[in-house]
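In the working numbering, the protein residues as written are 106 to 201.
Among these hints, one or two may not hold up.
So the derived label-pair ranges between C-beta atoms look like this [unchecked claim]:
(1) 159 - 131: 15 to 25 Å
(2) 124 - 156: 15 to 25 Å
(3) 173 - 150: 35 to 45 Å
(4) 125 - 169: 13 to 23 Å
(5) 175 - 149: 37 to 47 Å
(6) 164 - 123: 18 to 28 Å
(7) 168 - 144: 29 to 39 Å
(8) 176 - 140: 22 to 32 Å
(9) 173 - 139: 16 to 26 Å
(10) 142 - 162: 15 to 25 Å
(11) 158 - 178: 27 to 37 Å
Calculated cross-link-like contacts (lysine-lysine; reagent style DSS-like; alpha-carbon spacing at most 25 Å) [unchecked claim]:
(12) 117 - 153
(13) 148 - 117
(14) 168 - 130
(15) 168 - 123
To be clear, the hints were calculated from the coordinates, so they are not data collected in a lab. C-beta: ideal position from N, C-alpha, C; glycine also.
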Amino acid sequence: MENTFRSEVMNKGQCVTKYYRWIQKNGGYIWIQSSATIAINAKNANEKNIIWVNYVLSNPEYKDTPMDIAQLPNLPEKASESSETSDSESESKENS
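Generate coordinates for the entire structure from the input sequences, incorporating the hints supplied.
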C-alpha cells in the first residue's frame with residue numbers, strides 16, 4: 106500500500122488515501138483520511154518534499170474498548186535481574 110501511494114504522489118504530484126482507522130492510545134479508534142502533495146523547491150527543482158496531512162473525520166469510537174494489545178492498561182513489569190536477590194543474599198539476611 107505504501108509503495109502505491111508513493112508512486113502516485115511521485116507521478117501525479119498528489120494523492121488522497123481511502124478512509125482508515127487510527128487506534129487511540131487508551132482504546133478505540135478514529136477515522137482518518139490522508140492527503141499527500143509534492144512541494145518543489147523554487148530555487149532547486151531537484152529538491153522535492155512531500156507534505157502529508159491527516160484529516161480526522163470522526164470522534165473516537167469504542168473509546169473504552171481495547172482494539173490492540175498496545176491499548177491495554179500498563180501491566181506491572183517483571184522485576185529486573187539486578188533488583189532480584191540471589192540465594193546467597195537471601196540466606197545471609199535469614200542468618201542475621
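Hint numbers not upheld by this structure, sorted from lowest to highest: Violated hints: none; all satisfied.
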